[in-house]
Structure formats: C-alpha cells, structure tokens
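Quick note on my numbering: the sequence shown kicks off at 892 and runs consecutively.
Just so you know, these hints were derived from the structure itself, not from any lab.
Here are the simulated DSSO-like pairs of lysine-lysine, each with C-alpha atoms no more than 30 Å apart in a straight line:
(1) K1278 to K1243
(2) K1243 to K1309
(3) K1388 to K1188
(4) K1421 to K1393
(5) K1309 to K1393
(6) K1283 to K1393
(7) K1235 to K1352
(8) K1388 to K1283
(9) K1421 to K1388
(10) K1188 to K1421
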Amino acid sequence: MTKKIIIAFILLFTTFIYSQVPISDIRVNDANGIPVNINQVVTISGIVTTSNQFGTSGAASIQDNTAGMCVYGTGFPSSVNIGDSVLVTAELTQYNGLTEMSFNLPGASFQVISSGHQIDPEVINISDILGQEWNGLEAYEGKLVRLNNVTISGTGNFAGNHDYLISDLTGASTLYIDPDVTSIIGTPIPSGEIDIIGIVHQFQYGPPYNSGYEIDPRSINDLVYDGSPLILNPVFASDIDSSSFTVYFNTARNGNSQVKYGLTPALELDSVVINNDTTIHVVPITGLQASTLYYFKAVSDNAAGRSESTILTVTTASNDTSIGTINVYFNFPVDTTVAIPGNKAAGNTDFKSHLIHRINVANYSIDLALYSFYGMQDVADAIILAKNRGVKVRVVYDSRNTQNSMQELIDAGILLSKRPASLEGIMHNKFFIFDARDSITTNDWLWTGSWNVTSSELNWKNNVVEINDPSITKAYQIEFEEMWGSDTDIPNPANAKFGSMKSDNTPHYFDIGGREVQLYFSPSDGTTSKII
892 MTKKIIIAFI LLFTTFIYSQ VPISDIRVND ANGIPVNINQ VVTISGIVTT
942 SNQFGTSGAA SIQDNTAGMC VYGTGFPSSV NIGDSVLVTA ELTQYNGLTE
992 MSFNLPGASF QVISSGHQID PEVINISDIL GQEWNGLEAY EGKLVRLNNV
1042 TISGTGNFAG NHDYLISDLT GASTLYIDPD VTSIIGTPIP SGEIDIIGIV
1092 HQFQYGPPYN SGYEIDPRSI NDLVYDGSPL ILNPVFASDI DSSSFTVYFN
1142 TARNGNSQVK YGLTPALELD SVVINNDTTI HVVPITGLQA STLYYFKAVS
1192 DNAAGRSEST ILTVTTASND TSIGTINVYF NFPVDTTVAI PGNKAAGNTD
1242 FKSHLIHRIN VANYSIDLAL YSFYGMQDVA DAIILAKNRG VKVRVVYDSR
1292 NTQNSMQELI DAGILLSKRP ASLEGIMHNK FFIFDARDSI TTNDWLWTGS
1342 WNVTSSELNW KNNVVEINDP SITKAYQIEF EEMWGSDTDI PNPANAKFGS
1392 MKSDNTPHYF DIGGREVQLY FSPSDGTTSK II
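Using the sequences and the hints, build the whole thing.
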C-alpha cells in the first residue's frame, strides 16, 4: 500500500512539474520584439520537436500546448530525441529576433521525463506566420507547423544554407535549408505544390523584430509530396567496369526501380525497368562502350505518381591497361607498412621538381586552376616555356591580389579567368590538367592535392595526387571550362561561373585502373553530404 501511495505521488508530482510553466508565459515580447524576460534563467517543459537535425550545437526546439521554444547550444540537441518530454532550465536569450534558451551559458540543465510522444504539426497559412503579434506573444515562432499547397520559387536542386521564396494563397515567406539537413540538399526543387513541415524561425539583424520569419524543414520527409516514391539522395553509380555500371538509390515510399540513360542529357539510349515494389533500388546497366561518358536518371513509379532524380553522369572504365596509374606523394616521410601491395605512397617528394617535369613533358595543353601562386619562378618559367613551344595554356585564378608568379604568366601573354571579387568565398582549387585537349588518351594527366603552388607551402605538410586517365581529366576539364567560360583558347567572363553560380555538371563515378573513384567539387556538388 505504501509503494502505491509513493508511486501515485511521483506521478502527480511529475505531472505538476510538466505543466507548471507554460511556454507562452515567457515568450511575451516588448514593443521591439524583445522578450520581457530576456537574460533571466527560466524553466519550462515540453515535447522535443527538433533535436540535432540542425546540428549538434544548433537550435533544437520544444513545445507545449501553448507555444514553442528554441533551445540553442552544445549538449542539449545531441542528448535528446524528437518525442522526448523534457524539463529545461536555461537563460532566455535572443539571436537576430529568434527567442532561445541558451545551453552555452551557466546554469543550464535538462531532464528527460519520458519518451515516445508525438506532436502533430499545426496546420497554418503563411499569413498566420507573417501576422504574429511580435509586440506580445509570437504564437508560431519556435513551433512545429505545416503549410499546405505551397509553391517554391526556384529550379534545379536544393542548396544548403540557402533561402527560397515560398508562397500560398495568403502570402509569401522564406523556406530555409539548413546546411546540416543533408537529406534535402541536392534533391530537386519541386515544380508544383507541396506541403512543408518545419520549425518557424526568425532571422532579422536589428529591432524592431517584426519580420524575417522562415520555416526550416528538419529532413526530406518534411517536404510532403503527393504520395509518389520521392527519390532520396544520394543516387550513385557503382560497380563500374568497361561495359556496365549499377545505379543505387533509395526512395521515401515504395515504388518500382527504373534508370533512363544515354550519351546525351536526352537519355536517348534506353530505360531499364525492374517491376518491384521497394524503397531500396538496385538497377544494373549493361552492354555499354568502354571509356564513355553516360548520362543517367533514376526513376520510380507507384500508384500515386512518379519521382525522378536529376540527370547524373558516369564514365565507364577503359580497356587500355597502359593507363589508370594513380600516384600519391607527400613532402615529408611516410609510413607505408600498412599500404595495400603496389599501393604505397611516396614520401619526401620534391613537389616543385616533379611539377616542372610534368610541365616540361606536356605536348598539347595545360589547364591550371590555382588559389595561390607565388615564389615559384621556376614553375612559372616552365609554364611560359611550354607556351612558347606551342602548348595551349589556360589559367583560372582566385579574386585575390595578383601574386608574383601569376603576374609572370600574365606578363608573358598567358590569359586567365579570375573569380569576381563580388562573389562570396574563394576559388580554392589547385589542379593542373595536362594534354586532355588533344585526341591522344594515354598522355592525359591530372595533378591535384592539398599543395598551393607557393614557396612557403613547400615547407608545410602537403600531398599531391597524380592520375593518368582521360575520364578524370575530362571531368576536371568540364569544371575548368565552367570557370573559364568557354571551351576555346579565349576566356568568356560573361559566361564564366564561380562559387554559388556553378552547377553540379561533372561526372562523379569512375573506374580507374580497376579502382572505383568518386569526384565532387564545392560548393555545387554537396561535398559535405557526400562525406557524411
């Protein structure tokens, strides 16, 4: 009997703690949209609607039946799960209009009371978000909501850390794709109406904080389509040989497995259809030609409709056993005792001498894209000598002030395409493509790695990778010419694309000397999601 009384008391006490502090009570703002309780340590309880979906140190969120609240900082997002009932104590803060409880400040703590709860998103319109009473209670900020029948302005694929204009019949607002939501990044932007689930956040630089609202989906499943399969990233080709490759992809909902492919983006050759009903798709493509670039697209149908991926590319392996060499060099001693036989890297390599040799044996063309090029007069002289003996030389360079070795090339009449200074970021490539522009495939070499071609970095620990294969040099040439702006000897600044202006247009999957190689460029190819 005593045990029953104690258990009943604990249950009543837990219920009391859980309901004693409505979130709406501490979400009241002043006339500038700043919480009246800012910088106070407060305690609230609620159900977790976002844990680490926006990063392990990002903004998690909880809500009760009165309002929602973001919880920011290291420790909380990675320690809870969606559906946990929690009691949270932390200092109330605000960041660019978003009210938060900060776990990066002293006195923060939390307790998981129970798990497995479900909160259905509140169905609202965009006008409801825009019309929040910011001088008072922001009813939807920090809350899980659903917007139905929304259109997204944009074409191509979703990018991370990017805003998209969304609209419904009541107004227009912002969809923000967080860089940690990798399941969305790189997927096609839908052309028709969809439903969007997400957390309402706010981002505005200064008071009054009465605008800047956005909805942040937590995963690809928060973009609700018409019940069609919904192809997820990544879609990739593997098991590549000289006459075949296999396409692997997953879907959110069941459907059949299809791949369309061809020698052009028209995918004119064939379509392979496997009439199964699955979310895990494996489609072999056979009867292909060696050393050939193929375009392909994943497709899946079910009773509700069709889902398609973007068009991707893959290059079949070469039958020529004289190519496919991959050399790896370091400019410091390396331990090769655990290397696969025949796959040892070379240590203590003189990068400068090796690069000059590669330049000196070039016969037809040299394309180089460098972030930094200074203190390397011997390398510059070798490039100029190559140009003077008839080798076609093209240069892509960052927007930085022109360094001395790059100036030598310019003074010698070598043309370059330079990243516009107005674009955010840098052109951080460091690669050379040798003889990829002639009709001879066996002399194609790629030089890339971590080494910026500078005198100071010769003394830093760096690596260089050399690959003798026409398929990989062709891929780098596509990337180069996107920044060059043309496929001729003359750059076209009006057509040149750098940084966020670039598209995901290069092949990604290769078989080089019997080894599978994948290639991705930033920022267009979603490199972070590929690493994950």
